[in-house]
Amino acid sequence: MIVSQHYPVAVIRRDGGRDVMDSIQGEAILGALQRTIAIFSDPANYLGIRSELSLAAQFYQDPNNTLPQTELSNTPYWGRRSLTAASECERGLREFPFISTCLKLGLVLDWDRGFGFGLAPGAAPLGTVFRDTNLEYAMAVIDISDLSAIRYGILAFRTTLMIHVPEAYKDPDGFWSSGDWGLAGERELKLEADRTRQPLTAAAYMAKFQYADKFPFDACDELIYELGRLELIEPSATDRIWPRDALESVSPLMPPCTEDAALVALIRRLMGVETLDTSEALIHQLTETAHSKAVLRHHLQQQSEHIGHLLSTGQLLGIAFDNEQHLNLAPFPNLSAVAIAAALETMTAPPTSISLNIDTLHDPPTTIITALTAHPTLKSLYLLQQPNRTTDDPSRAFFLALASHPANPLAQFTTLHISGAYSARLRNQPFLTPIPSSLLLPAPLHSHYPVHHLFARVSTRRDGPAPVSLRFDLRDALLRPERFVTGFLAYLRSLLTSAHTAARCEPESVYGFACAPAGLVVDPHGNRGGGKGEGRLGWCLCLFLAGLMGGTHPYWGSWWRDVGA
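Taking the working numbering, the leading residue of the sequence shown gets 9, the next gets one more, and so forth.
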């Protein structure tokens with residue numbers, strides 16, 4: 009949300025087909041909503057989400073960034089040939105790949121069934137618009153403006169199938185001579201007349217379409233209860249997804265800026281100075297209130313393109329983020345290694361994490377990395393790219409620079425978030441592989457991410473089909489040992505809970521790696537046997553690993569890597 013206006017940051021589309029079973033409805037909708045909201049609500053994902061939201065605010069404040077509208081198909085289901093594959097939706101780079109990944113993961117992963125919809129939904133363009141004249145689509149909206157108080161709403165309208173039957177088909181007794189199931193005539197879908205913008209709650213949605221009669225209601229009770237604890241979105245939250253005027257375009261607007269004249273004069277006077285005297289009085293004056301810090305950040309963002317490489321700019325950035333554990337420099341272009349180092353050194357309490365926009369950095373990756381490794385308190389590194397980028401190659405180049413740097417930064421940054429990795433996998437493209445034969449992987453890459461392949465052999469019963477050997481390429485997943493253990497256990501769980509044996513051979517069967525915790529969990533009560541202090545998850549791995557490791561399918565789960573549990 010930017011100045012009380014809501015803007016789209018991720019859109020996922022899933023089309024139905026000719027078979028009614030291809031549609032998504034009822035309990036499946038509620039489950040997808042609950043899982044997605046749980047992912048966005050997980051504090052482990054906050055920094056990645058908020059870093060992209062800061063770029064989104066910058067993107068939408070630029071009037072030059074317009075979103076071409078993408079209309080949804082209005083062809084009735086009987087006129088479609090088949091389901092639309094996810095790959096058809098995902099052409100092009102997604103502006104905010106981590107948020108899109110979180111959204112898609114919530115739709116696809118189902119802990120009870122191993123994975124969700126048989127055909128994975130696709131990430132659609134941000135300019136996709138919904139209209140109340142769409143015959144085949146409903147819409148669920150999640151508002152992540154406040155991650156600690158996420159809102160949601162469902163917009164769905166009834167449709168009635170009308171068949172225009174010639175009078176000749178009707179017999180004198182009032183029955184159709186062709187039978188109710190074989191009516192011949194032109195078909196037409198009719199939308200309900202009262203198509204209000206008021207979103208539905210989970211309970212209201214189930215009641216409106218009488219899904220309680222179609223699904224076991226006890227299976228929905230918990231979902232309705234969980235979603236019922238959340239607030240609904242305001243109808244205005246959908247204005248840029250569902251334009252009120254049929255001719256209205258989805259275009260950014262510049263927000264108004266309320267500023268204090270004296271504060272602005274001070275900031276402008278300080279900008280461009282070679283070196284600042286960062287006294288307590290100056291820091292207090294610039295950060296006295298949350299508003300003053302916001303004004304300082306706003307002006308630095310506006311001028312960073314011209315002065316971002318200066319040491320004094322870095323000092324002002326350090327003041328703007330003083331007493332915060334995360335230094336989000338992603339919205340500030342043209343930052344040099346000197347400015348970044350100055351920001352880190354100016355902050356009263358050293359931060360533990362930092363976000364950078366690698367598309368707009370003033371210096372090459374190696375110089376930036378050298379500046380970062382001089383501050384050992386940094387443990388988490390978030391590398392983002394421009395929403396309107398044309399390639400993910402800078403992400404790959406920066407990662408390889410990290411892997412080959414003599415200071416071994418991969419050992420320092422226990423959390424490494426790379427926007428390009430998520431973006432590549434959203435398009436079903438490799439991030440690191442295949443690597444040109446002339447470029448050898450640096451040794452630290454093998455040291456910190458030692459698990460490169462997972463093999464599985466899937467069989468049903470003795471008289472069933474022949475066993476299927478599968479191979480998952482995990483190199484792009486950047487799995488540290490503990491992360492592999494927790495992800496592998498989630499994978500085993502999906503094998504046991506998948507509703508159909510065939511699901512175990514699908515790429516989605518490894519989506520459990522997506523939501524696995526980053527580390528092992530130790531039982532604080534020591535209630536199980538075994539060595540003192542051993543993690544419960546580690547024990548489970550020892551129990552199942554020997555029996556189930558064995559052969560798999562090309563893995564496309566690496567892009568889920570940093571999504572929290």
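I should point out that these hints are in silico values taken from the structure, not numbers from a laboratory. The reader is advised that the hints may include incorrect statements.
[To be verified] Here are the computed distance ranges between Cβ atoms for each label pair:
#: 1; residue 1: R479; residue 2: R195; range: 16 to 26 Å
#: 2; residue 1: K216; residue 2: T141; range: 37 to 47 Å
#: 3; residue 1: D229; residue 2: S156; range: 40 to 50 Å
#: 4; residue 1: R139; residue 2: S287; range: 51 to 61 Å
#: 5; residue 1: T378; residue 2: A157; range: 34 to 44 Å
#: 6; residue 1: P71; residue 2: S153; range: 15 to 25 Å
For each residue, glycine too, the CB sits at the ideal point set by N, CA and C.
Hint check:
1. Taking 16 to 26 Å as the suggested C-beta distance range, the pair R479 and R195 does not conform, at roughly 46 Å.
2. Remark: the range hint 37 to 47 Å for K216 to T141 is contradicted by a beta-carbon distance near 19 Å.
3. For the pair D229 and S156, the beta carbons lie near 26 Å from each other, so the given range of 40 to 50 Å is not met.
4. A beta carbon spacing of about 57 Å between R139 and S287 agrees with the range 51 to 61 Å that was offered as a hint.
5. Distance hint check: the CB atoms of T378 and A157 are about 40 Å apart, consistent with the given range 34 to 44 Å.
6. About 22 Å separates the C-beta atoms of P71 and S153, a value consistent with the hinted range of 15 to 25 Å.
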